[in-house]
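**Q** From first to last, the protein sequence lines are chains C and W.
Residue numbers for the first sequence follow numbering that gives the first Met the number 0, so the first one is 0 and each next one is one higher.
Residue numbers for the second sequence follow numbering that gives the first Met the number 0, so the first one is 0 and each next one is one higher.
For the record, the hints were derived by calculation from the structure and aren't laboratory data.
Heads up, some of the hints might be wrong.
[To be verified] Non-contacting residues of chain W with respect to chain C, defined by C-beta distances greater than 10 Å in every case (computed):
| hint | residue |
| --- | --- |
| 1 | Leu-7 |
| 2 | Met-8 |
| 3 | Ala-32 |
| 4 | Leu-34 |
| 5 | Ala-39 |
| 6 | Val-43 |
| 7 | His-44 |
| 8 | Glu-59 |
| 9 | Gln-107 |
| 10 | Phe-108 |
| 11 | Glu-120 |
| 12 | Glu-136 |
[Claimed, not checked] Quick partial rundown of chain C residues pointing at chain W, CB under 10 Å, derived from the structure:
| hint | residue |
| --- | --- |
| 13 | Ala-7 |
| 14 | Val-20 |
| 15 | Leu-59 |
| 16 | Glu-112 |
| 17 | His-127 |
| 18 | Asp-131 |
| 19 | Ala-136 |
Only a predicted model underlies this, so the values are computations on that prediction, with no experimental measurement involved.
Ideal Cβ positions, reconstructed from N, Cα and C, are used throughout, including at glycine.
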Amino acid sequence: MTSKVYVALRVKATPERAFEVFVAEIGGWWRPSDLFQTTPRAPGRLAFEAGEGGRLTETLANGKVFEIGRILAWEPPRRLVFSWRQASFPPDLTTEVEVRFEAVGDETRVSVEHRGFDRVPAGNAARHGFPDRALLARLAEYWQGQIRALGGQLT
Amino acid sequence: MADWRAPLMSAVCYRDSRAALAFLEAAFGFEVAMLIEDDAGQVVHSEMRFGNAVVMVGNEWSDDHKSPASIGGKNTQTVHIQIETDVGAHCERARAAGFEIIAEPETQFYGDRTYRCRDPEGHIWTVAQTVQPVSREEAEARTGLKITGWV
Chain C
0 MTSKVYVALR
10 VKATPERAFE
20 VFVAEIGGWW
30 RPSDLFQTTP
40 RAPGRLAFEA
50 GEGGRLTETL
60 ANGKVFEIGR
70 ILAWEPPRRL
80 VFSWRQASFP
90 PDLTTEVEVR
100 FEAVGDETRV
110 SVEHRGFDRV
120 PAGNAARHGF
130 PDRALLARLA
140 EYWQGQIRAL
150 GGQLT
Chain W
0 MADWRAPLMS
10 AVCYRDSRAA
20 LAFLEAAFGF
30 EVAMLIEDDA
40 GQVVHSEMRF
50 GNAVVMVGNE
60 WSDDHKSPAS
70 IGGKNTQTVH
80 IQIETDVGAH
90 CERARAAGFE
100 IIAEPETQFY
110 GDRTYRCRDP
120 EGHIWTVAQT
130 VQPVSREEAE
140 ARTGLKITGW
150 V
C-alpha cells in the first residue's frame, strides 16, 4: 500500500480546456512553494512534453533543466498521470500524481491524487521534519493551491 | 488552508469512513474535497464540500469519538443542511441511497419545508428548504411562542 493525498476543486471550464491549460500553460499558472521545492535553486518554469512518456521539466534561470517526472498516462481530456520527484529525493524514490478532469454541469471537477509521498525518508529536506500526517496535510494544501491557481488561469 | 470554507465545520465519526464518503455523496451530493490516506490505506483525514461548507468525515479516532452505530444509535448532535432547491427531490435521493427517512418532508411554521433522515451508521441529518416567508409576528401567532432574534 501507499499513502494517498486526494484533493478536488471545481473550475469554470470544460474538461477539454482544463486539461489543455493544465498541460500547455503550467509554466503560467504553477505556484512554486517553499515547502515543496522541486530543486534547491530559485523556482524555474515548468513545462510538459505532451503525450505518454513526455517529460515534466523545470527550466532554471541558469538554463539548467531539471526533470520532475514523466507522463505515465495521457488520456485527454479525462486523465493524466505523471511521476514526481524532487531534487532532494533519494535516487530510487519516485512518487506518482494522477489528475482527473470530470464534467459537472458547466464546470469541471479537477482532482489530484498524489501517491507515495510518505516514502520520503525521515531527515530528507523535502520533509522539513514533518511526521507523516502533517506532511500529507501540507501536501494536500499545496495541491489545493495549485488547482486554485489553475482555476484562476481559466477565468 | 483552503480559503473558501465557512468557519464552522462539523466533524462526524464513522466506523467505516470510506463507505460514508460514498453514501454521503450518493445521498446529498457532497463532494470529496480532500482525502488523506496512510500507507495502510486508512483514512487519516477527509473533507466533503457542500457549497462553501465543509463536513469532515473521520473514523472513531479516540475512545471519545464514536459513530452512532457503536453507541446504540444515539446522536448527541445533528447536522442541518439548508438547500435552495426541491427538498422533496432531495429526500427521494437520500431514500434511494439507503437512508432511512424518519420524518417525511413537511412544511414547518417558520416557512421551511424539512425532512429528517438517518444514514446507514445512524447519524441523523435534517434538510430544509425555505418555501414561504414568515414574519416573526406570524410565527408567534401560529405557535404562541415568544420569539427573539428573528431576522
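**Q** What are the numbers of the hints the structure violates, in ascending order?
**A** Hints 3, 4, 5, 6, 7, 14, 15 and 17 not satisfied by this model.
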